[in-house]
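Q: Using the sequences and the accompanying hints, generate a full structural model.
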Amino acid sequence: MANKQTWRLVRDGITDPYMHFAVEEALLRLTDESKEIFPTLRLRQTIPSVWIGYYQVPEEDVDVDFCKANEIPIVRRLNSGGAVYQDEGSFCYSAFFKKSLLAQWKISHTDELYSYFGKVIIDLCKKYNINANLSPVNDITVNGRKFYGSAQIDWYSAFAHSGSILVHANIDRMQQVLKPSDLKFIDKGFKSVKERVINLKECSALVQSIEQVKEDFINTFADILNVQFEEIPLTPEEYALAQKLYEDKYAKPEWTFTKARTYTTMVSTKIASGVLKLKLNLLNNSIQDIVLSGDFIFPNHQNIEQLMAAMKGKNIDEAIQWVPQAGVSRDLKDGIIHLLRQIKVAS
Amino acid sequence: MSEEKIVRLEILVASPPTKKCKAMIAMFEKFMDEFPGQLKLDIYYAGEPMLTQPTEGFRKETGKVRKIPSAYVNGKNVASQEVPDEETVRKEIINCLKIN
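Read top to bottom, the protein sequences are chains A and B. Counting from 0, one number per residue, gives the positions in the first sequence under numbering that gives the first Met the number 0. Counting from 0, one number per residue, gives the positions in the second sequence under numbering that gives the first Met the number 0.
If you're looking for bench data, these hints aren't it; they were derived computationally from the structure. In this text the structure is predicted, and so the values were computed from the model without any measurement. Treat the hints with caution; some may be incorrect.
To be verified - Straight-line alpha carbon distances no greater than 16 angstroms define the calculated EDC-like cross-link-like pairs of lysine to aspartate or glutamate that follow:
| # | chain 1 | residue 1 | chain 2 | residue 2 |
| --- | --- | --- | --- | --- |
| 1 | B | K21 | A | E58 |
| 2 | B | K29 | A | E58 |
| 3 | B | K18 | A | E58 |
A: In structure tokens, the structure reads:
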């Protein structure tokens with residue numbers, strides 16, 4: 000067996016969701032900027048809060064009024080995907096590493112990381128006699144009900160893969176705060192959040208506490224990836240950058256509640272990785288402005304921004320012709336082309 | 000989902016949209032989630048040029064008097080000056096999908 004790779008383990012105990020995401024971005028940035036850095040696994044839990052995906056609109060996916068009335072913070076994540084509710088009954092991890100490590104792990108495409116890290120979760124469940132399964136693209140389920148979701152962010156030379164695990168989260172509260180698109184459940188046969196998700200604790204009497212699951216997770220992670228951990232707290236540099244990101248970005252309402260842009264035309268569809276919506280301003284069939292939103296999964300924001308910028312000024316036919324050369328997933332390209340064709344047909 | 004069966008939703012709202020207008024937009028956006036790949040939603044802002052071609056029904060209805068906000072499903076008026084009953088609009092959309 001090859002020598003064990005050393006990973007850094009961070010358990011900073013930060014429970015403020017805004018600061019939590021500031022730390023996430025600080026670690027990602029510094030992973031990219033550092034020449035010599037070993038991979039980091041960060042574990043965390045936050046106070047009850049809602050985290051929306053990078054491309055989501057809070058008013059569309061979250062009961063914002065309920066959250067305000069109940070003092071539940073809402074914060075936009077840096078990665079894509081759907082809105083999640085987190086509390087002391089759930090925990091998350093993030094793995095930060097240089098993309099150069101992917102070859103060492105024999106990973107040819109970052110999509111493979113969903114099953115690579117997913118195996119840790121599935122093996123963790125085996126310890127509790129729970130039969131869990133990957134539910135593509137990014138979920139893990141027990142009898143079709145989700146207890147784990149994951150997302151990714153691609154940042155220059157660095158990469159972060161994150162996952163959330165429900166152990167004994169308040170599902171009733173989750174149901175109250177989230178209003179996922181009906182499209183989300185169409186192909187899964189569920190009518191509500193409550194029917195769709197499950198806590199690990201409901202699945203096995205062997206699941207005692209969240210602390211126990213976290214410890215078991217760390218041990219399983221080490222076994223499956225054949226790594227050893229050194230627990231090292233956040234450095235002053237990391238903390239200072241996180242503090243700046245907290246003040247300049249995550250704690251500011253305008254980061255999460257971006258000003259809605261008016262649009263004239265909207266179309267929506269469901270693709271394999273989630274719901275995809277296009278809002279456009281059209282002038283004589285020419286795209287003046289275009290915004291893509293939804294809970295679909297795609298880790299590289301730059302490529303999506305380039306795609307949106309490239310479509311401006313094109314007419315619908317030109318845009319349809321152009322999309323295949325965009326640097327986004329096949330799934331996303333097909334979805335966008337489908338939506339553009341819809342606009343054409345209905346015009 | 001066939002791309003040949005697109006039902007057109009149109010809303011005429013104030014610019015900038017009032018609270019009532021926003022409620023109407025939110026309701027119609029919800030339909031976009033409910034009927035994926037089957038609807039196209041166009042929003043016209045009163046006093047601003049229409050950037051897409053409206054339906055014949057919309058043009059006829061709004062020829063002389065424009066009621067704001069108002070909503071149309073395949074050119075048929077389903078709401079004038081008030082946010083419509085969600086179920087009524089849903090039924091109209093389903094009807095149009097059947098006809099298409």
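Q: A separate judgement is required for each hint: does it hold in the structure or not?
A: How the hints compare with the structure:
Our distance criterion of 16 angstroms between C-alpha atoms is met by K21(B) and E58(A), whose separation comes to about 11 angstroms. Restraint check for K29(B) and E58(A): the C-alpha separation of about 11 angstroms stays at or below 16 angstroms, so the hint holds. For the suggested pair K18(B) and E58(A), the alpha carbons sit about 14 angstroms apart, so the restraint of at most 16 angstroms is met.
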